[in-house]
Amino acid sequence: MASQDDRLNLDYDEQNDVLYASLGSPQAALSYEISKDVWLDYIPPKRTVVGITILNFSEHYPVTHRDTLLEIAQTVVQDLLQKYPSVAIDQQLVTIRISPTPALQIVSTTTATAGTHTIPLTQVVGFVSRFDTLRIQGNRQGNRAVAEDIVA
Amino acid sequence: MTLDGIQVALREDTWTIHIEPRRPGVTKADIAQALQQPVRIYADTSYADRRVYQGPPRISGFFRNSFLLVVVALTGERTGRVVTAILTEQLYQGRELWPPKTIG
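Line by line, the protein sequences are chains A and B. All letters in the first sequence, in the order written, are residues 1 to 152 by the numbering used here. All letters in the second sequence, in the order written, are residues 1 to 104 by the numbering used here.
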């Protein structure tokens, strides 16, 4: 059973109760289980969701009339795409360090990880003269930041 | 035949209509390798009649380090069928059935 519009491309495997959805044609991608049986497809290094696979679809989203399944599936997938436009990042590590040259810059190095992929970002965020090292480690899920190794 | 002695069938329609077009880059050989030479076998987190086979990591190509998870529905004591296959870098959360845990 399949359905396709301009962007959303759906396919339901009735025997195995698996719903496959993709934005446009299916592409080779990695999958990330965001909740039980719901897998988001993405193509690294980008995190943008390009498809969704839902196992045990009819158990998660009971359908009373079989002929409305794809209609319901479309709504479910659109809701999920709105909720998860990109794959969540497991952990974000932010390191702020004072570089001694050329002018005591504060350099922020952000490394976001999901699976084995890392996304580095380095930028100068300011200038100071009092501290040698300031390291802040944050976890995106907990929104908690800890400052450590502050040397006057 | 899987490493743990399950005779698993991959139905032709499951492959040609669903998995092959929906999982470009995944081959029947990849599925067979995950079933016959898994790195891990898991119990499904919700369904007692399902197992998940984790294949070896890919050592080259664009999706290097990723691996295949093959979901199998048990249809009898020693038989099953492939439900789907998922390429991922995320370890499955189910209880590990294989390899056996060793102490010491």
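Source of the hints: derived by calculation from the structure; they are not laboratory data. Ideal Cβ placement from N, Cα and C applies to all residues, glycine included. One or more hints might be untrue.
[Unchecked claim] Label-pair distances were calculated between CB atoms; the ranges are: (1) A:Ser86 with B:Leu91: 19 to 27 Å; (2) B:Thr75 with A:Gln74: 24 to 32 Å; (3) A:His65 with B:Thr79: 27 to 35 Å; (4) B:Glu96 with A:Ser25: 34 to 42 Å; (5) B:Arg64 with A:Thr68: 35 to 43 Å; (6) A:Gln27 with B:Ala29: 15 to 23 Å; (7) A:Arg7 with B:Ile17: 31 to 39 Å; (8) B:Phe62 with A:His65: 39 to 47 Å; (9) B:Thr102 with A:Val63: 17 to 25 Å; (10) A:Pro45 with B:Val39: 21 to 29 Å; (11) B:Ala29 with A:Pro45: 42 to 50 Å; (12) A:Glu71 with B:Pro100: 19 to 27 Å.
[What the hints assert, rightly or not] Among chain A residues calculated to face chain B with C-beta under 7 Å, some are: (13) Asn9; (14) Glu14; (15) Asn16; (16) Tyr20; (17) Pro26; (18) Ala28; (19) Leu30; (20) Tyr32; (21) Val38; (22) Trp39.
Hint-by-hint comparison with the structure:
Take Ser86 of chain A and Leu91 of chain B: their Cβ atoms lie about 21 Å apart, and the range 19 to 27 Å holds. Separated by about 31 Å at the C-beta atoms, Thr75 of chain B and Gln74 of chain A satisfy the suggested range of 24 to 32 Å. His65 of chain A and Thr79 of chain B have their C-beta atoms about 33 Å apart, which keeps the hinted 27 to 35 Å range intact. With their beta carbons about 36 Å apart, Glu96 of chain B and Ser25 of chain A fall inside the hinted range of 34 to 42 Å.
Remark: the range hint 35 to 43 Å for Arg64 of chain B to Thr68 of chain A is upheld by a beta-carbon distance near 42 Å. One distance hint, 15 to 23 Å for the beta-carbon pair Gln27 of chain A and Ala29 of chain B, holds here, with the actual separation near 21 Å. For Arg7 of chain A and Ile17 of chain B, the hinted distance range of 31 to 39 Å is not satisfied, since their beta carbons lie about 21 Å from each other. The beta-carbon spacing between Phe62 of chain B and His65 of chain A, approximately 41 Å, falls within the hinted interval of 39 to 47 Å.
With their beta carbons about 46 Å apart, Thr102 of chain B and Val63 of chain A fall outside the hinted range of 17 to 25 Å. About 25 Å separates the C-beta atoms of Pro45 of chain A and Val39 of chain B, a value consistent with the hinted range of 21 to 29 Å. Restraint check, Ala29 of chain B to Pro45 of chain A: a C-beta distance of roughly 27 Å breaks the suggested window 42 to 50 Å. The beta-carbon spacing between Glu71 of chain A and Pro100 of chain B, approximately 47 Å, falls outside the hinted interval of 19 to 27 Å.
A hinted interface residue such as Asn9 of chain A counts as satisfied when its beta carbon comes closer than 7 Å to some beta carbon of chain B; here the least separation is about 9 Å, so the hint is violated. Checking Glu14 of chain A against chain B by beta carbon gives a least distance of about 10 Å; that is not within 7 Å, so the hint is violated. The interface hint given for Asn16 of chain A holds, since its Cβ lies 4 Å from the closest Cβ of chain B, which is under the 7 Å cut-off. Because the beta carbon of Tyr20 of chain A sits about 4 Å from the nearest beta carbon in chain B, less than 7 Å, this interface hint is met.
Hint status for Pro26 of chain A relative to chain B: holds, with the closest Cβ pair at about 5 Å, below 7 Å. A hinted interface residue such as Ala28 of chain A counts as satisfied when its beta carbon comes closer than 7 Å to some beta carbon of chain B; here the least separation is about 4 Å, so the hint holds. Hint status for Leu30 of chain A: holds, given a least beta-carbon distance of 6 Å to chain B, under 7 Å. With its C-beta approaching chain B no nearer than about 6 Å, Tyr32 of chain A sits inside the 7 Å limit, and its interface hint holds.
This hint is violated: Val38 of chain A has a C-beta 11 Å from the nearest C-beta of chain B, more than the 7 Å allowed. Taking 7 Å as the C-beta contact cut-off toward chain B, the hint placing Trp39 of chain A at the interface holds, the least distance being around 6 Å.
Consistency note: the structure conflicts with the earlier hints numbered 7, 9, 11, 12, 13, 14 and 21.
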